[in-house]
Structures are given as C-alpha cells and as structure tokens.
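**Q** Got two chains here, each in a separate frame; can you build the complex from them with the hints?
The listed protein sequences correspond, in order, to chains B and G. FYI, in our numbering the residues of the first sequence are 1 to 282. FYI, in our numbering the residues of the second sequence are 1001 to 1170.
FYI, nobody ran anything at the bench for these hints, they're computed from the structure. Wrong hints could be hidden among the right ones.
[Said to hold, decoys possible] Some chain B residues close to chain G (C-beta under 7 Å, calculated; not the full set):
| # | residue |
| --- | --- |
| 1 | Phe25 |
| 2 | Asp41 |
| 3 | Gly44 |
| 4 | Val65 |
| 5 | Ala66 |
| 6 | Ser68 |
| 7 | Pro145 |
| 8 | Leu147 |
[What the hints assert, rightly or not] Far from chain B by the CB rule (all over 10 Å, computed), these chain G residues:
| # | residue |
| --- | --- |
| 9 | Ile1007 |
| 10 | Phe1064 |
| 11 | Thr1093 |
| 12 | Ile1134 |
| 13 | Ile1148 |
From the three backbone atoms N, C-alpha and C, an ideal C-beta is built for every residue, glycine too.
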Amino acid sequence: MSSSRDDFGIAFRSALLQRGAAQKFSLVFLIVIASIVFFLDVYGFGFMKPVRAIINDGIYRVTLVASSPSRFVPQFTGGLTNLFNIKKENEKLKQELEAFKQKELSVEYLTNQNKNLRKILESEESYLKKENMILSKVLIDKSSPYLKSIIINRGSKSGVLKGMPVMDKDYLVGRVVETNYLSSRVLLLNDLNSRIPVTFGEDGVQAILKGSGGSRPVLEYLPEGYIVEEGIDVFTSGKDGIFSPGSPIGITTQKGQVKLFSESSQLSFVKVDLTQNEGAVF
Amino acid sequence: MLNFKTINKIINLGPLILLYYLSVSEIDSHFENYFEILSFNIQLIIIYFWVSKRPEVLGSGHIFFAGLINDVVMGFPLGISSLAYLTVSLVATYVKNMTVNTRITTDWFTFFIGIFFSNLIFYILLTNFSEIAINLTEISYNTFFTLIFFPFFWFLFTFYNSIITTGRNV
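Isolated chain G (complex conformation) (with noise of 0.2 Å):
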C-alpha cells in the first residue's frame, strides 16, 4: 500500500509527468471537429506556470527532452519544440527573478510575451530552415486561444500548486 510520502511525491511529480504525456500522447488541444480555427498550446502554459511558481518541479532538461517527444510525435524537424519550450522556460524565469508577488494579470500578460517570442522563434526556424511550410494565420490563432485560456489553467494549476505545498509542509 502506498504511504503518504509517496503519494506525496507522485503528486509531486503531476505537471512532469502531464507534460510528458501530452508530448508522448495522442491527446491534443485542436478541436477541429467543432470549431475549425480552435487550437491551444496547453505544454506552453504548463512550462511557464510551474517554471515561474515552482522550478523545481520542472526541471529545463525535462522540458528539453517533453520538446524532443513532442517533435518527433508531431514530424517537425528534432529541436525546435525544445527550443521553443525554453523561451517560454526563460521568460518565465526572467519574470521570477524580476518579480516578488504576481497576480494573475501580471502573469497572463507575461505569459504573453513568453508565447509570442516562443512561437516567433518557432515559425522563422520552421519557414526559414525546414522543407515544411506552416500558416502563420494557424500560429496566430494557437497563440491567441493559448492566451484565452490561460486563466482557466493558472486558477487549475495554481489549487494544484496549493497540495503540492500542504503536502510539503505536513
């Protein structure tokens, strides 16, 4: 039977392991069957959410190894997932290091910035040194329902974080 320290580090362990089943996975945040523009990058706000509250948890050779996955998975060139996780993972550590408290505007403004350098990076290395050519209309929509649904996820993550810290302190 599981103890309670182990319970604890699985719970732990929850935004790791969720993101490297949404890399590994089939499941995807493109609803093409009920609204055709409707796609969201939940990995990105995984990424910057727990790099910015709790670094610890996600450590950046996970998030390098989620974007590998992830890149093979979807047949883009090996790399340029990771490298676009890592922007948003550096963005996220910048705003950790500059800020004291955040709310939740503040973050979702940030996370703005976080995913408009990450999926910049993504297209011009996509467009410019890869045979396979993407819309930037398709990006822009991802980037914008990624956005849009950041708050719902950072009230989600952030009860979450709440265990994680209950758990410690007991």
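Bound-form chain B, shown alone (with noise of 0.2 Å):
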C-alpha cells in the first residue's frame, strides 16, 4: 500500500519537475508562469493593457495570413458549385427578365417615389449619425464553442472606445468590448455575455436580449404572463443609453427566440458607431 503511494508521489514528482532531453523548462515553472500571466490579466494591472494590446495587435495580424488558405478553399468550392449551376441559372433568369422589363417602367416609377418619401422621413440627426460610422473589416470570425466574437480591423487609432455598438449594414450585430490599437474585439449579440435592451410590437413592449451562445438570441424580462408571437420585428429600445434607440436586430420566433437579421458568420464587414462614445462595461 505504502508502496504504491510512495510510486505515486515519485510519478507526480518527477512529471512536475524533471526535464527531459529536449525539455527546457519544468512543467511545474511553465504553471507558475502562466498562473502568474492569468491573474495579472484578470486583475487588470496598469501594465498589462498596453501589454495585451501590443500581443493582441500582433497575433490577429498573423492570424490574418494564416487563416488565408482556409478561407480561400470554400470561395474555391462555392466558386464551382456555382459553375455547375450557371448554365441553369442563367435560363431562368431570362425567362424571369422577359417577365421584369414588363413591369420595368412601374418598378422605375414605384422607385423614384419611394426614394422621396425616404428623404422626407429620415431625419438630419439619421444623416449625421451615418457620418460618425467607420467601416471595418473583420478580421477574424473564429467560431468558438464558448464565445461568440469577431475581430475587427479599427482600434483606438480610429476613435474606436470599449462599448461601441456595431452594425452590418443597418442592423446591430454587437458592441465593442476591448480595444487595441489597430483592432477590436466585438462581441456579437448571440454570445452568452451579451445583453441588449430591447422593444417590440404595437405596444412597445421593453425586454432584454440575451445571448444565448447558440444562433438565436432569447427575449427575457418580458411582462408577466406575455406571450411572444413569431414575426414581430425587434429593435434596440436604447434605454441603456449606449445604443441608438430603433436600430433593427432581428425578428420574434414562436420560442420567444429572435432571428437575428444579420447572419453572424457571414460578415465581412462591419460599422462602428462612433457617436456612442460613452463606453459600457464588460
């Protein structure tokens, strides 16, 4: 009996602390180490920000070139699935063109009038508003089974603060939650830690979207006894007072789930508001 402890104990010893030929450090020193890393991390120490930022800075750009092949593959593979159906397409798309020109001159006119009406609804602020955007490129969309965010190519340089919301196209798809210098990690809407207050449906009714770390975020905080009906458009109720108050997000699912309107694996490039600069915590 003693014996097989006295076994364990050399075992666990010597796994700790020998070095082996092409070992240059003990494993229990490499702990150490990362230990000490991970608390002065967490513990947000004056030194480490600048640190991280610079590391941060450095690795996204690396892991820039080196996702290149792996993206380049399903554009390879997309590329010729779509050969194949071409031809195929391309008859459709004649007969479909046939049946468009004659509706040609009341789409044209519809147009016109609809891009009137838009200017008189959308207010100067709306305008001003697009004026503070920055586009960004994403960088990196690694999918983890954890947290849900992508990297985005503006950081501190270009005026990007922690909070920030973010936008595809016209919808909100995260907010900022740490800056670097050259870049910024945003964390998207459907990430566990995300949470947005929100209004719906005719009688603005106020809720919090919740990430839930799968592809659909969930409405919580409902009034009592309120049921969720599918297909009711969801937009930011800006009572936090970081997002703009309407910014579209998604639509109801019979779940109480919502849709988000921008796919988040499919992004490409993303706006930061820049008028939202009060900053939130993470």
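**A** Structure, rendered in structure tokens:
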C-alpha cells in the first residue's frame, strides 16, 4: 500500500519537476508562470493593458495571414458549385428577365417615389449619425464553442472605444468589448455574455435580449404572462444609453427567440457607430 | 532542393507546427452549422498524444506559448489555455512515467482524466476570476466529443509517429 503511494509520489514529482532531453522548462515552472500571467491579466494591472494590446494586434495580423488558406478553400468550392449551376440558372433568369421587363416602367416610378418619401422621413440626425460611422473589415471570425466574437481592423487609433455599437448594414450585430491600437474585439448578440435592452410590437414591449450561446438570442424580462408572437420586428430601445434607439435587430420566433437579421457567420465588413462614446462595461 | 535530413526535420516538427497553426489560425473544430453542439478540442488531443508518446517532439514551453496564442485569438484571459494545456501535459507525463506499454483503451481512459481536469480548471478559473460567462453544458459537450474523437486521432498520430521513427532509424 505504502509502496504504491510512494510510486504515485515519485511519478507525480517526476512529471512536475523533471525536464526531458528536449525540455527547457519544467512543468511546475510553466504552470506557475501561466498562473501569474492569468491573474495579472484578470485583475487588470496597469502595465498589462498596453502589453496585451500590442500582443493582440500582432497575433491578429498573424492569424489573418494564417487563416487565408482556410478562407480560400470555401470560396473555391463555392465558385465551382456556382459554375455547374450557372447554365441552368441563366435560362431561368432569362425567363424572369422577360417578365420583369414588363414591369420595369412601373417599378421605376415606384422606386423614385420611395426614394423621395425616404428623404422626407429620415431626419438630419440620422444622416449625421451615418457620418460618424466607420467601416471596418472583419479580420477574424473564429467560431468558438464558448465565445461568439469577431475581430475588426479598427482600434483606438480610429476612435473606437469599448462599448460602441457595431452594425452590419443597418442591423445591430454587437458591441466593442476590447480595443487595441489597430484592432478591436466585437461581442456578438448571440454570445452568452451579451445583454441588450430591446423593444418590439405595437405596444412597445420592453425586454432584454440575452445571448444564448447558440444562433438565436432569447427575450428575457418580458411583462408577466406575455406570450411572444412570431414575426415581430425587434429594435434596440436605447434604454441603456449606449445603443441608438430603433436599430433593427431581428424578428421574433415562436419560442421567444429572435432570429437575427444579420448572419453573424457571414460578416465581412461592419460599421462602428462612433457617436455612442460613453462606453459600457463588459 | 531539400535533402532527406531537412525533410525528416520538418516531419519531426509536424505536431508542433500543427499545434501552433490550430492555435493561431481561424480553423476550428466547432461545427455549429452542421450540428450545434458538436465541438471538440484538437489541441488537447495533440498535446496528450505527443507528450505521452514522444515528448521530445512537443516541448512544454511550446505548449505554454500555444496556449497564450489561443487565449489572444479566442478572447480569453491570458494564461488560461496554457494552464489547461499544461494540465493535460502533466497527466500525460505522469501516465508515461507510470506505464510501460499502453494500448488505445488505456490511453483513452487516461486521456479522459486529463481533459476532465483540464476543462475543470478552465471552467473554474473562467467563472470565478473573470467576467466572461460560459456554459457548463457547452464545456461538457466539448469534453464529450473530444473524448469521442480521440481514437480517430490516436490512429492517425500513431501512424505519423511510425513515420518519425522510421526516419530516425534510417
């Protein structure tokens, strides 16, 4: 009995302390270093922020280069599939084109009318808001089983601050949770850590849109006994003072979930709203 | 033109290159588009296999740095993946010290102990010391599928290990 305990002790000590022929550090040394790094980063000591920002910027660039083959393969296979389908699609499109030509004149008239009405409806404020948006490229959108976030190529150099809303076209996709000098991390709406105050329906029901970790976030803190109907558009309420009120987010489903207008896995370019610079805590 | 020695050197560095590449690149093993709960951690399999079979191929320092890189890319606090990887490495080294001949079944069982402690440390540190919330169910699924896929990679890496051995014997 004591012999087996001795064996365990010897083997465990050996595993922790011994260095093999090609090992420069013992495991216990590295575990201690990793623990120190972890606690320094978690408790946010002053010098860790710039250090982490530099490391982040560097590694994000390397990741972008390293990921280029993995981006090329789906594009190539997608292109090949399109090539096979193109002839069939072309014939179908020709038929459709004929049909659309018939309606062309009326469509043109309606389009012009629609543009004029939109100009009347949109306030000056919304134009100003658009000027304060910066376009940024999605560098990394690594899908993690735990965190749903993307890395964009704009950082504090471009005026991006923690908490700023991020849009895909006119749809809200998330908010900035980490800024570096040249890049930022955006927490997506479907992340488990995401909480957004929203409003929806004719009665202007207030709720919190909580990320589920899956593809569809859920509505929480609804009025007592409220049953969510399918197909209602959900907008930001702006109650938190971070997001502009009225940004479209998605559409409700039967289970009280929200199907987002913007597909988070398909983001290539996003816009950061620089007007909301109050910054929220993550 | 590359000579035999250089090719052999590159082959020997294969597991290390793969570990760094998986940590730094966007390639991941989370197949949410096909099956939402399907995700597994190839890095843990690589570390466990190579540390237990041929530790000279995968140094502890490299495992530590691969963990740091993974933390940056994934957005976790620095050092947490390193600790998780080093835990698996510790279990693998312990098993290597205690056993002479291992089979796939024994490796599979001891790997389960390794990833259990690794993911437990990961979860405890993340939930207690950081503001990031993660779902225990997702970690459990990840652990389960990592365990399920282990034999496939075991055979793959065993074959690769034989190539390394062949190269060295020559």
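**Q** Mind checking the CB of B/Gly44 against every CB in chain G and telling me if the closest is under 7 Å?
**A** At 10 Å from the nearest chain G Cβ, B/Gly44 fails the 7 Å test, so the hint is violated.
**Q** Given a cut of 7 Å on the nearest C-beta pair, is the interface hint for B/Pro145 held or broken against chain G?
**A** Constraint on B/Pro145 satisfied, holds at 4 Å.
**Q** Under 7 Å, Cβ to Cβ, is where B/Phe25 needs to be relative to chain G, so tell me if that hint holds or is violated.
**A** The hint holds - B/Phe25 has a Cβ within 7 Å of chain G, the shortest such distance being about 5 Å.
**Q** Can you verify the interface hint for B/Val65: is its Cβ closer than 7 Å to any Cβ in chain G?
**A** Violated: closest Cβ of chain G sits about 9 Å from B/Val65, beyond 7 Å.
**Q** Against chain G, with CB atoms and a cut of 7 Å, does the hint on B/Leu147 hold up?
**A** 5 Å, holds
**Q** Is it correct that the beta-carbon of G/Thr1093 has no partner in chain B closer than or equal to 10 Å?
**A** 4 Å, violated
**Q** Against chain G, run the beta carbon of B/Ala66 and see if the smallest gap drops under 7 Å.
**A** 4 Å, holds
**Q** Please verify that the nearest CB of chain B lies beyond 10 Å from G/Phe1064's CB.
**A** It is violated; G/Phe1064 is separated from chain B by about 5 Å at its closest Cβ, not greater than 10 Å.
**Q** Just want to verify: G/Ile1134 was marked as not at the interface with chain B; is every Cβ pair farther apart than 10 Å?
**A** G/Ile1134 is in fact no farther than 10 Å from some Cβ atom of chain B, at 5 Å.
**Q** With 10 Å as the threshold, tell me whether G/Ile1007 passes as away from chain B on beta-carbon distances.
**A** 20 Å, holds
**Q** Do the numbers back the hint for B/Asp41, that is, is its least Cβ distance to chain G under 7 Å?
**A** 4 Å, holds
**Q** Once the shortest beta carbon distance from B/Ser68 to chain G is found, is it less than 7 Å?
**A** This interface hint is violated because 9 Å lies over the 7 Å limit.
Going through the hint list in order, the structure does not satisfy hints 3, 4, 6, 10, 11, 12.
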